[in-house]
Amino acid sequence: MTARVLMVQGTGSSVGKSTLVAGLARALTRRGLRVLPFKPQNMSNNAAVTLDGGEIGRAQALQARACRVLPMANMNPVLLKPQGETGAQLVVCGQRVDTIEARNYQSRKAHLMPRVLESFKKLASQADLVLVEGAGSASEVNLRKHDIANMGFAQAVQAPVVLVGDIDRGGVIASLVGTQVVLQPQDADRIKGFIVNRMRGDPSLFADGMRFVAERTGWQALGLVPHLPDVRDLPAEDAADLMASLRAKRRLDEQQGPMPRLRIVVPILPMIANFDDLDPLCAEPGVDVIPAVEGEALPKADVILLPGSKATLADLACLRARGWAEQIVEHAKNGGSVIGICGGYQMMGLSVADPQGTEGPACTAQGLGLLALHTVLGNDKKLEYGTGFLEPGGQDVSGYEMHLGQTNGPPGLKPLLRLNGQAEGAVSDNGRVWGTYLHGIFTHRAARLALLERGYGAAFAPGGMWAQAGDHLPENHDAAVEAALDHLADHLEQHMDVDALLALACVPHYAA
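Just so you know, the sequence shown maps onto residues 1 to 512 in this note's numbering.
Any given hint could be a false lead.
To be verified - Straight-line distance between alpha carbons at most 30 Å, and here's what the computed DSS-like set of lysine-lysine pairs gives:
hint, residue 1, residue 2
1, Lys382, Lys414
2, Lys381, Lys414
3, Lys300, Lys414
4, Lys333, Lys414
5, Lys382, Lys121
6, Lys300, Lys122
7, Lys381, Lys121
8, Lys381, Lys122
9, Lys109, Lys382
10, Lys333, Lys300
11, Lys109, Lys381
12, Lys109, Lys121
13, Lys145, Lys122
14, Lys109, Lys122
15, Lys145, Lys121
16, Lys145, Lys109
What the hints assert, rightly or not - With beta-carbon atoms standing in for the labels, derived distance ranges:
hint, residue 1, residue 2, range
17, Thr387, Asn408, 20 to 26 Å
18, Pro462, Asn104, 53 to 59 Å
19, Ser13, Thr387, 20 to 26 Å
20, Pro226, Met465, 33 to 39 Å
21, Gln356, Asn476, 37 to 43 Å
22, Glu101, Gln468, 36 to 42 Å
23, Ala317, Ser13, 25 to 31 Å
I should point out that these hints are in silico values taken from the structure, not numbers from a laboratory.
Every value quoted in this text rests on a predicted model; they were computed, and no experiment measured them.
A virtual CB, placed ideally from N, CA and C, is assigned to each residue, including glycine.
All chains should be modelled from the sequences, with the hints used to inform the complete structure.
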């Protein structure tokens, strides 16, 4: 099988590349093409587990779902997971290989290009079309040397490029035309078409703008895509998208009036990771998910939820520096509910030790002391899918584990669930404080309601007010994601020239 290739790049970060690729992948898959997604290099702490025991960016896992295939490590051969202001964990072909500083990474990229091309060729041998997503801005000429994410990759496989600009942030004409101006001529020649994303209001008001860009650049205008509110039903790729989604959900809740919803407060920490665990909670009409940000005390809460973290010790120190640790402990003492997932679960114990310096200098830190647990970090990462059921109750759960280190407690500590036949997680004696390593714990609605019932009582019990209010929701939140992908594909088919875009794709030719 000889695949064609088409690359989607952007005028900047967060212009909607990942979402557009997902929507196009679903639209073209529905046409009967075998489509596979590919992103040479991604930087994200929101990762997904592959069935072959690797990890890739969460956005590429969503794009794989849009293609109706399982995620594979080759879809995102280079993943950078930030661990601080200048450092990151380097994941190559699904496996953690090193922790690096940004300035040192630039010189390593040339050595990574062969791995990137090897992964791409493997995908291309299995597909009719490979949709490639660039990273950040196509016009970062200061990073062009040894580039593997944007034009460096496009040149390596002679891929045609479609450039995406975001009109919602303003300056889209300048950002599109300006990209052509600053690129080297041979790179600019790779761009064949453009898309203007997130139009609000009357699209006819920008008709002259579309013509101007097309005439000035010589690129084909492929579509003016209106803003689609339902995109928030898809998993957010980064913390900025998460915050925007949570704010939008709160505005909708406020329009429904001052109902007594369950208030779940989520501290937004610098190294927050795999926060799509929040998505099923946001879908519940009886739940108000409230982000807590730097400079503020924790808002009034029924439940405080500590999400995943790429750097448990650093985020634990941040909890203390912001004064939130004391508030969380006091909340639990007063009978409030506290939940921890993965890194948040590790923080809830008595101690977190890092004897090998996995996250930084070797040290041991005191945990929040909410559960009688001790965590020891190490260099071996657990990447594994799991299925099981809650204890007690027996409601089905499924998801994945993705963490460094092991957490242990004393004999007799109550587990939260049985996962792959083994006890997993921990629950306090009063049942209101619990934690787990299982990402996806809230995906199944029966389990979600059972867990929410612990934090708020009868309103989420069978027949309760909020349980009934969400009866329209699917039993598995994955079905809601599927519906959102189909809606997105319909939207792009309506507002883009998908046939013209597909005609731009070509068979890759590899540079000597």
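Here is what the structure says about each hint:
1. Lys382 with Lys414: Between Lys382 and Lys414 the Cα gap is close to 22 Å, so the pair holds against 30 Å.
2. Lys381 with Lys414: Within the cut-off at roughly 25 Å; holds.
3. Lys300 with Lys414: Holds - the C-alpha atoms of Lys414 and Lys300 are around 28 Å apart, at most 30 Å.
4. Lys333 with Lys414: Holds, because 19 Å separates the two Cα atoms, which is no more than 30 Å.
5. Lys382 with Lys121: 28 Å, holds
6. Lys300 with Lys122: Not OK: Lys300 and Lys122 at ~51 Å, beyond 30 Å, violated.
7. Lys381 with Lys121: Answer holds: Lys381 to Lys121 is near 27 Å, not above 30 Å.
8. Lys381 with Lys122: 25 Å, holds
9. Lys109 with Lys382: 26 Å, holds
10. Lys333 with Lys300: The hint holds at about 15 Å.
11. Lys109 with Lys381: 24 Å, holds
12. Lys109 with Lys121: 18 Å, holds
13. Lys145 with Lys122: OK: Lys145 and Lys122 at ~25 Å, within 30 Å.
14. Lys109 with Lys122: 20 Å, holds
15. Lys145 with Lys121: 23 Å, holds
16. Lys145 with Lys109: 9 Å, holds
17. Thr387 with Asn408: 20 to 26 Å: Holds, at about 23 Å.
18. Pro462 with Asn104: 53 to 59 Å: 56 Å, holds
19. Ser13 with Thr387: 20 to 26 Å: Because 36 Å falls outside the window, the suggested range is violated.
20. Pro226 with Met465: 33 to 39 Å: Check passed, 36 Å falls within 33 to 39 Å.
21. Gln356 with Asn476: 37 to 43 Å: 38 Å, holds
22. Glu101 with Gln468: 36 to 42 Å: For Glu101 and Gln468 the Cβ distance comes to about 53 Å; the hint is violated.
23. Ala317 with Ser13: 25 to 31 Å: Roughly 27 Å apart at Cβ, these two residues keep to the hinted range, so it holds.
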